[in-house]
Structure formats: C-alpha cells, structure tokens
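Engineer: Taken in order, these protein sequences are the chains called E and H. With numbering that gives the first Met the number 0, letter number 101 in the first sequence gets 100, and the count goes up by one each step, no holes. With numbering that gives the first Met the number 0, letter number 556 in the second sequence gets 555, and the count goes up by one each step, no holes.
In short, the hints are calculated from the structure, not lab data. From the three backbone atoms N, C-alpha and C, an ideal C-beta is built for every residue, glycine too.
Residues from chain E shown here face chain H by an in silico Cβ test under 10 Å; the list is partial: (1) Ala-56; (2) Pro-88; (3) Val-89; (4) Glu-110; (5) Asp-176.
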Amino acid sequence: MTDPRLRGKRMWVVAMALVLALFVAACGEEKDESSGDNGSSASSGKDCGKVVLNEQAWAGSTANTYIAKAVLEDELGCQVEVTKIAEIPVFQAMADGKVDAVLEDWQHTDEYAKYIDKAGTVVQGGPLGVEGHIGWFIPKYLMDEHPEFKTWEGLKGQEDLFKTADSGDQGMFLGGDPSYVQKDKELIKALGLNFKHVTAGAEPAQVARWTQLYKQEEPVIFYWYTPQYLNQEYDLAEVKLPPRKEGTDCQDDAKAGGDPQQYKCEYDVTIINKLFSKKFADSGSPAYDVLKKMKLTNEDQELVAKAIAGDKEDPEEAGADWVKDNQDKVQEWLQ
Amino acid sequence: MLVGYFVLKGDYPWPAALTWEELPSEIDKAQDWLLEQRTAENPNIFFAILDGFRAFADWLVTALLNFFEWLTWAGIIVAGTAIVWRFGGWRAGLIVLGAFVSFALMGLWEESIQTLALMTSAVLLSLAIGVPIGIYAGRNDRFLRGITPVLDAMQIVPAFAYLMPIVILFSVGPAAAVICTLIYAIPPAVRITALGVRNVTAESVEASQAFGATKTQTLFKVQLPLARRQMLLAVNQTIMFALSLVVIAGLIGGRGLGDVVTNGLYSNAALALLAGIAIVIMAIALDRATQAIADRTDPARRQLTDEGRIRARNITLATLGGIVVAVVVARVLGADAYYPDEFETSTSVYQANIQDTILGWIQSVLDYVQDPDSFVFKITEPVGNFILQNFLEPLRAVLVESPWFVTLGGLTLIAFVLSGMRPAITALLMLAVIGVMGVWDPGMDTASQVLVATAIAVVIGIAIGVWAAESPRVEKALRPLLDTLQTLPQLVYIIPFIYLMPVSRVPGVIASVLYAIPVIIRLVTVGLRSVPPAAVEAAQAFGASRMQVLAKVKIPLARESIMLGVNQGIIMVLAVVVIGGLVGSGALGDMVARGLQRNEFGEGVVASIAILALGIALDRVTQGQRATRTERSSGGPLFGLGRKRRQVQPGGGAV
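Given these sequences and hints, build the entire structure.
Structural biologist: Now the structure itself:
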C-alpha cells in the first residue's frame, strides 16, 4: 500500500499535467487563428496586416483614431488595434515598434528632439490639419453682460468679479491641466492683472470646476482650448490677449522659466502632428500612405468627438458614420 | 513657532545658497543617458537581462490571457466558480460566480479578463519575489532593518515618478505594467511574511533545534507552517495593493479596466465609475476566494482520515472533470472567447448586458451631484470652504511663511518632545533634504495638507473603529466598504467631490482621508478587540458602565495600536498626494503629475523624494514613544515592522 499522501501528490501531478496540456492547446490554437487572419487580409488585395494606433485620453483623439480605424479596416482590410498609452510613454512605444502611429500630438518638442532628431526611431507624419488654439475663455452670458471683456484690458480693475473661496482678495483664474502647455501665471504677472492663478488639476477636474460655475451662472475665467467637444455643449467666449508681433520672440511654454515679460502675448496656433514609428514608416504598409495623407478639420473632429463623448455613441460607429458621410475626403487619402 | 510666524512672516524663505538647483537637470541627464544606452546597437549584459525579464513577463501575461480566451467565457465562469467552490466552499464560489456575472452584465467582460490576466501574473510574481525575501527578513533582523526603508520608498514614491524610466527599460505593454505593479505590491508581501516568520515563538524554534533539526528543517517544518496564516494574509494584501495599481498600469499599455477609467474620466464619467466598480468587485472576489481557500485548507482545521482524503481527492477529480467537460461543451457550441455584446436568435437580437441601464443610474446620481441647486450641495459647499479657510489655509501659511529656520526648528522640537532625540535628528535631516532640493515651499504646502487630512482621518477613523470594535455587526457591514475605499481608483470617486466642494485642495484632502480611513479603522478595531477580556471583566465587576469601560480601560490599553493607526494614516495619506495633484491640490503632487506628463522628469523625481522625506519626517514626529514601548506589540499588518525587535523570552525553550 502506498501512503495516501503520496497518492495525493501523484494526483496533483496528473492535475498539473492536465492544466499544462490545456495551456499548450490554448497556445497552439492561438497560432492557428493568427495565420487565419493573415489569409483573410491577403484576400482583400493588398497586404496591410496589423496596424496599432494609439488613442489619447481625450475625446478628440478618440474621434480621429476611430475615423482612421474605420478607413483602414473597411477600405484596406487592415486589422487595427487601438492602444491607450499616455502621451510621453507612447514615444518609447513607437521607438520600440509597439505602436505604429499617433494621430494627435500637441507638439512635444522635447520628445521630438530625443526620438525624432537624435535617435531617429520616430518620424514626423505631418500635420493632421486640426489646429489647436489655447486661450482665456469666459461664459458667453458673462461676455454679454460685460462686453469690455472682449480684450484683456477690459479685465483690469474688474478682477474682483471672479473672487471665490480659493482666491482670497484677488479674482480667480482657473488654470489648465498641469500637463498642458501653459504660461498663464506669467501672463497674469506680465499684464499686471490682480488674479490668483488656481490650479484645479487634471482636465476632468478643471472641467468640473468651471462647468459648475457656468451652471450657477457665476463669473469664471479659465484656460481653455479648441478643438474640444465641450465647446459644442457650453457657450463660451474668448478674451483676447495681446497679439503676437512679427519677429519678436514670444514664448508659450512657461516650462522654460525666466522673465514673465517674454510670455506677454497670445498663444500661438498649435499645429497638431501625426507621428509614426520608424519601423512602420519603412514597412511599406499601405496603411502608412493612407495615414500620411489623412487630414481632418477642427469641425470634423469636434463633430465626431461630440457624438462619442456628448451623445455617448460607440466610437466604432461614430468613426464609421463619419467615413460614410465624408467619402469625398476619404477617397483623397486612399489615392 | 507662532511668534516667529507673526513677527517674521514671509521674510525668510529657504535661502538660495542652501539649494542644489542643478539637481533636476542632473536627473534629466541621467534619464537621457538611460535612453541612449537603451537604443544603443549592442545592448550590454544589464539590458540583456532586463530584456529577458521583459520577455518572460510579456509571455506570462499573454499566455494567461490566451488561456482564458481559449477556455471561452462560459468555460472560465465554470472553471473559476468550480475551483473556488471546491477548495473554498459554496459561499466563496458564489462570490466568484457573482463577480463573473457582474462583469458580463456591466458589459466590461473583455476588459475585466485582460485585467484579471495582468493582475494574476503580477500577484504571482510579487509573491514569488516577496515571500522568499520576507522569509529571509523574518530570520535576519539586520537584513530586515536594511530593507525597511527601501520598502517604505517603494510604497510612498508615487508610480508617476518612475513610470518613464520603466517604459525606457521595459518598453510599453504587459511587462511594463507588471513591473510597475510589482514595485507597489512586493512590500506588503515581504513585510507580512517577515512578521509571520518572526512571530513564531522562540520556544517552537528552540524545541525543534533541541531535537537536532537543521536550520532548513526548522524553517520548512516549524517556522513556515506556523506562519501560515500570516503568509496567507500576505497573499491577500498583495492582491489588494496590486489591484489599486490597475489604472496606472493602463497608462503604459496594461490595457483592461484601467484604460476604461482613464478615458472615461475625460469623456464619460459614468463609464469610468462603472469600470472602477468592476475593479473593486474583482479585488473583493479575489480576496474572499483566497481567504476562503486558506481557511478551508488549513491543516490545523481539517484532520482527515485516509478515507476522507480519498473522498476529497475524488471530489477534486470530479470537479476537474466537470470543468473539462464544460469547456469542451462550450467550445463545441461555439462560445466566444469573450462574453458577447449581443445574443442572436433566429428571429431577433438581444442586448446581452445591461450596461446602458446601469450607466443611466450612475449618470442620474452624477447629475444630482453636479446640480449646484441640490440639497446636498448646500451642505457640502460650506463644509468645503470651512475646511479650506479654517484648517488648510492657516496651517499652510504658518508652515510656508514662517522663516525657514523657525519651521524647521519648530518641527524638530515637536519631534524631540514627542519621540525623543534620534527621531528628532532624522526629522531634521529629512526636512533639510526637502529644503536643499529646492522644494521647501511646495513641501510645506503639502505638509499642511497631509496634516489636516491625517487629523480628519484619525478623528473619523478612531470613532468608527471604536464603534466597529463594540459591534461585530457594524464591523461586518463596514468590510466591503473599506475594501472599496482601498481599491476603487481615487480619481473616479474624487471627481464628484470637486462638484460638491468646489475649492482647490479640499477634494485632495477628501481623497486622502477616504484612502487612509480603512487602515486606521482596521488597526483601531484590532487593538480594541485584543484588550484582554480579564481587564474588561474586572472593570465591569466594579460597576463601570459601557462608556467607562471604553474610555478608562479599553482605549488606554489599545493606545499603541491606535497610535500605529495614526502613523499608518500618514503613510497612506502621503501615498495619494499625487492624486491630490491631479485634482487641484498643487504643491508636490502637482509636480509629480507634471513630471510624467510633461517630461519634467527631474522635477518629478525631486518632488517624489520630497514626499518620501516628508513621510519619514512626519513618521518620526508622530512616532511617539512607541518605538521604545512596543517591543511586545503585534504591530500593524502593513508597516512599521522595522522598528520592532525580535522578542526572545528569557528562560524559554522548555520542552
């Protein structure tokens, strides 16, 4: 008679072997499936294969990523995978060939220097056509009451209006997401305005703050930008900042530090770039040519973003709908 | 200190001469160097090893996910439920079944399975690394003292600070996500294992040695079996800590529920909350399942006869067989890898989940929260303003605007009075580090918020802890709530607080309070429960009322545990400073968040070190006389192990 404990152990060996067998079977299965996929995409004429697009957290990025996905899948028969990696780490992901393309990059110039110019592992894909615009915004109802707020000079002496529990004796200026390009603290100083710059935190937190004041019809002035789907939901107006003068060197990103005076101008238009992994660009994939030609306007992007974030439509459907309605544009990319 | 504040307010900021200004740019250079090395043509041996680990971690997660997919959605429900039912009993089996059903009904099946594969791999690796280290630390005091600060750092330094170096070294994807999770989940595994091994009484060890057991035999036959329960607690806490990193893992390619939370925050708050709930359900199900399995398989509890053993084995085989049959049937019937969105019959298509309905409910709650005319808002807004104007702002002003030497001296003095000479020196050094790194002002700003948050958490935590200790029913009802607070991603529940208390810094304080409360409540409850019944009975015999027993006997006797709760509260509060940065608390948390997102890497690292230094300083200030008095206390489950010494009873070892 063997010791029952020993038999117990033997049983475990059997059980483990069984699990292992299932595991191996699972892995084998996987390979079969992937070879099947290759076959189906080859049947569409061109060999597109798998394309990995990275979607950023905000709705605008979801919009252009899913437009691209619809085009690549329906027109080229590609198999598109969407990843959601944060803005800076995604550069390394492209360098390693784990992500093929980012369609909406807001001028991460430090990373351009490192990954595009120096290492050469990421390549420029040209502008998406969407133009970013940053500025100071107030609710439209406030602008109607105070037409002088059309320019920053009109704010002078009226900062009190924007007082909150946060700002003490000064008016509150609600700063943007700390991860975004900004120079509002320096601007306030350079313009001599009596505002206290209050950071509300990441964008969802900042939105929570100003939408609440908006709903209460309280005065609020804040860092904001276009294109942004919320602009379709809330009626906002822009306060004009001192214009940029030709030839002068005016900075937009306070990260550089230094004298506040060098920031004393409105924000420049931000050209939003497409970026590609070098490996993807060299792969000869037809998807690369299409994505390189892809162009959208601010309106295109806001429309789809509104459908996704505002109306809670499925991104896949919203992207496919836009492609269906804008065949003229899509056909240009495909040529 | 107050005198210094009023007399010399704002006159003496931290002097530039005592600041190492180049530090952030030096750290940036180090990161650039790392990047160059990584992209170099011929990677050296160091990178080759890292690549090997990456390949292994990637393989593990992918293989697990493929396996889950191969089981099909129906197969995985049957397999998970049956295994837990077999080894953990029907109650735990039902919880697991409920979890799977809720993932399906919430329409988050695919994301949940991805997260499950990632977290299972991360927990297994954490234990594989953490438990051996913990065993060694349990047997070697010097080693334990040596690694304790490292463990502290791993838990306090925010993940945002090291996300980018991890991505440079391990690229994005499952491997990077796993490694990030390891950093946070290994410390509890090490600590609790070490505590378990150390708590094995000296008598048992000496007895085994007296019988001539070798060191290895003592370890495997005496110390580990006797530390079994603690080691299972280590598994539990490792799961909890790992699950609290799902969202961060998503930022570097971990996929799954974390992605849904992040994107949802920007465009669909209700969906983010739903994904958060799925994370909590997964954490609770894994926790209850492992705990039930641990209880049921405890050899001390089941004395099986040979016959019983054979029967148990047959049941196990039957369960396994049942699972295989279920998987085969599911595959033959063509079940998908993932639970489908829709069921099709020959005549019509049915929605397979009730996601839209649930989102509708959540949205209506959010709409109420966002309504500035609501009843709740009329209460919460003044409360928020009150906290800001009466606590946060005055304390910040005193700490930041007092001359630096007054603040520094004052805090050191407090540490000296409360805790003694050595803690005071440590506190002084740590505060000086904050100043030298050039982040004195944000450091003191964060300190003021941390102190206010800890104070609120302690008041509420002790009150609830006492209540829970007095009433088992309350304790039972609280448990899922506390688990939820520990694992629900903070950003998800903190956004509603921005609507309810729209003043900067207050939502961050609330987040910290909610995250710190569970630990405090648990420690207070444990402390009060372990007051010897004899002391309570004696007091009752003298005619003391229930309140008197509580105030005069129980609380004084549980003082150490309560103090440990305060101490742990501070550490937990510091662990979420970076979340505060994301919801408007500014200061150090803001710098860390920006460090990742704008690649101000050096600044982020400096701010993280400052948070750590602040943690150590505040820990020493509040440590009290505990260090010298707690030689015998059982200590908390999570931290503070390093300050205890092994207790060796004189004259023990009678066999």
